[in-house]
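Quick note, the sequences are listed as chains A and B, same order. According to this note's numbering, the first sequence holds residues 1 to 310 in order. According to this note's numbering, the second sequence holds residues 311 to 633 in order.
Among these hints, one or two may not hold up.
Computed from the model, here is a short list of chain B residues facing chain A with C-beta under 8 Å [said to hold, decoys possible]: (1) Gln411; (2) Ile414; (3) Leu417; (4) Gln437; (5) Leu439; (6) Phe570; (7) Leu612.
Partial list, computed: chain A residues near chain B (C-beta under 7 Å) [as the list claims (entries may be wrong)]: (8) Ile54; (9) Tyr55; (10) Thr56; (11) Tyr67; (12) Val102; (13) Ala118; (14) Leu140; (15) Gln143; (16) Ile144; (17) Leu149; (18) Ala211; (19) Val213; (20) Val293.
Just so you know, the hints here were simulated from the structure itself, not pulled from any lab data. As the structure is a prediction and not an experimental result, all values here were calculated from the model. Glycine is no exception: its CB is placed at the ideal position from the N, C-alpha and C atoms.
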Amino acid sequence: MTVIAEPSGKTTTPLKASKSGGSGPKVSRGGRVFSYSFLTITSVLWLIPLVWTIYTSLRPEKDTQKYGYLSTGGSFNFDNYSDAWNQGGFSKYFVNSAIITVPAVILTLMLAAMVAFAVSRFKWRFNVALLILFTAGNLLPPQILAAPLFQLYKHFELPYSVSDSGSLLNTYYGVIAANIAFQVGFCTFVLSNYMKALPHELTEAAMVDGAGVWKQFWKIILPLCRPALAALGTLVVIWIYNDFFWALLFIQTGDRLPVTTGINNLFGQYAQNDNLIAAGALLTAIPVLAIYVALQRQFVAGLTLGSSKG
Amino acid sequence: MTTPQATVATDSTPVSRPAPAGKRKKLRRLTGTDRVVLGLMVGIPTLIELLLVWGPALFSVLLGFTDARTDIDQPGGVNFAGLDNYKFITEEYPPFWPAVQHNIIWLVFLAVIATPVGLFIAVLLDQNLKGSRIYQSIFFIPVMLSLALVGIIWHLIYSPDAGLLNSVLGTAGTSDQIDWFGDSSINLWAALVAASWKHVGYIMILYLAGLKGVDPSLREAAAIDGANAVQTFFRVVFPAMRPINIVVVVITVIEALRAFDIVYVINRGTNGLELLSALVVQNLVGEGTQIGVGAAIATVLLVISLVPIIAYLWQTFRKEEER
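Extracted from the complex, chain A is given alone in its bound form:
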């Protein structure tokens, strides 16, 4: 979802680049008028679905029934939000999303960084084969894995003290593991490119001082990867939070669903109440939009760090 430039190993985003102005050609006045009008019209069109969702969510259903959805009559309040929150069980969904996302992101970054370190700092015979294995795994449509993974989880016996289904089905572990396996490929690829660009003298010197491989990784390389890890971390948080499929496949009881999959239940249950659905949709989007604001800053920080390094 973003562009990680390699081989400079510098994380970058075009959102920042606008600050220094575009790189494109100088354009005539007529060209500019066209550009502004096209962009303005298109971006207004782009905002309509969101604005409409916000507008609908703020109006009570009975008022929209009375005046029509495309109207300004009636009252405006946040009742749909509290109704969606209570009837949709959002507090539970959000907790579930956190239970799944937080460990999945941390473990994904950790595992990816370990492979990336080994592949980028040492000469292996199977370096490229390994990278291909990880990168390609990330590009497969997840539905291809659905039947065997479901069977694997179903027949993977766990004590009832760990899982009330006696297997990996209907557990957070199952969803977390599938998310990790699916995201680790991309992170490995990006981090290995980033690590390749770090000077080899750093770890050489540490090795002369007698530092073991783990110490070189943990104390030297990983801290230097902080900007890349921060940028990747934000992305993976959003991707895993947005995951719909794994929870749909593995979680059978509604009280364990993460919010992205759970909203579908609300959608099915209250199909006739668009006002409630609009409020629920926006509640689901809030964490992502909050991260979106923070993410831009995160990227700017990463970029300045990357460029000051040369």
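Following the hints, complete the assembly by docking chain B onto the known chain A.
Positioned in the frame of chain A, the structure of chain B alone reads:
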């Protein structure tokens, strides 16, 4: 679900080249402990990747040749069934060919409409326009949302009696109201417009980065040679973005094959919205579970997906091999 991800190799702006392979540490210079540690660092993630991604992918292919119905541990056992499942899906299973057709339409729509629109917006934003950042932020918002949520938000636009579109057309609540997501002759296109809402912003972001990476002297040279803006773009700038063009092609193809969440939210991928990914899931959950049939459809999807994946890997790792 996540959007397919890809990494762009902007060869045009190398800051520091990776050290040549010969300079890297040789394994034999490592102590025993270090070897074990390194082995674990590579081994654990590789095992997870093999166990949860590649193993299941291969096992899907195997299951497609069996008569597995509800479980691999079913009464009577799982028997080899040859090409029975493939015969069934191609000859007797009604939604299969519509799904293939819809996946192709999905791909063509993204490739011919959504991706070029994203590129066009990126080119416009790449000029020194005021407020460029605001425009970018607006186009980028849908990219942050899950496709499932995109489906729900667009339901509010499309719904027959309460939707914005029918309200604006004056057909809401009348007998002329159009059920954009429910009418099987149009719902694929309605879903594609919704999916493009997200796809365009994604492509725009990729190309904005690509355009910043193009060497300005190329444009100056073209301008001196008397090329106009359109010529400069198509003959100089666009070819110079080759690495990003490849990534965009791969993303567009993979996205078309992966499309699932949005149709599943709308109607579980039925009644005009059949897609291969949705058929796989329909055969795995609920009544009428036919694991063998689902796995056969998954195998078809796997084989098709491997084409862009291999092309992408070949482009990306060819240079790496040469190093």
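Consistency of the hints with the structure:
At a threshold of 8 Å, the smallest CB-CB gap from B/Gln411 to chain A is about 18 Å, leaving the interface hint violated. Because the beta carbon of B/Ile414 sits about 15 Å from the nearest beta carbon in chain A, more than 8 Å, this interface hint is broken. The criterion of a C-beta within 8 Å of any C-beta in chain A is not met by B/Leu417, whose closest approach is roughly 13 Å, and the hint is violated. Taking 8 Å as the C-beta contact cut-off toward chain A, the hint placing B/Gln437 at the interface holds, the least distance being around 4 Å.
Because the closest C-beta pair between B/Leu439 and chain A is about 6 Å apart, less than 8 Å, the hint holds. A distance limit of 8 Å between C-beta atoms decides the matter here; for B/Phe570 the minimum to chain A is near 6 Å, and the interface restraint holds. A least Cβ separation of about 5 Å between B/Leu612 and chain A falls short of the 8 Å threshold, and the interface hint therefore holds. Taking 7 Å as the C-beta cut-off, the interface hint given for A/Ile54 is violated, the closest approach to chain B being about 10 Å.
Residue-level restraint check for A/Tyr55 is violated (minimum Cβ-Cβ distance to chain B is 9 Å; threshold 7 Å). Here the hint on A/Thr56 is kept, as its CB sits about 6 Å from the closest CB of chain B, short of 7 Å. Contact between A/Tyr67 and chain B, as hinted, is not supported at the beta carbon level, the nearest pair being about 11 Å apart and thus beyond 7 Å. Checking A/Val102 against chain B: minimum C-beta separation of about 17 Å lies over 7 Å; hint violated.
Checking A/Ala118 against chain B by beta carbon gives a least distance of about 5 Å; that is within 7 Å, so the hint holds. Restraint check, A/Leu140 versus chain B: the minimum CB separation of about 6 Å is within 7 Å; hint holds. A distance limit of 7 Å between C-beta atoms decides the matter here; for A/Gln143 the minimum to chain B is near 4 Å, and the interface restraint holds. A distance limit of 7 Å between C-beta atoms decides the matter here; for A/Ile144 the minimum to chain B is near 5 Å, and the interface restraint holds.
Checking A/Leu149 against chain B by beta carbon gives a least distance of about 5 Å; that is within 7 Å, so the hint holds. This hint is violated: A/Ala211 has a C-beta 10 Å from the nearest C-beta of chain B, more than the 7 Å allowed. Hint status for A/Val213: holds, given a least beta-carbon distance of 4 Å to chain B, under 7 Å. A cut of 7 Å between beta carbons decides the hint on A/Val293: the least distance to chain B is about 10 Å, and the hint is violated.
In this structure, the earlier hints numbered 1, 2, 3, 8, 9, 11, 12, 18 and 20 are contradicted, and the remaining ones agree with it.
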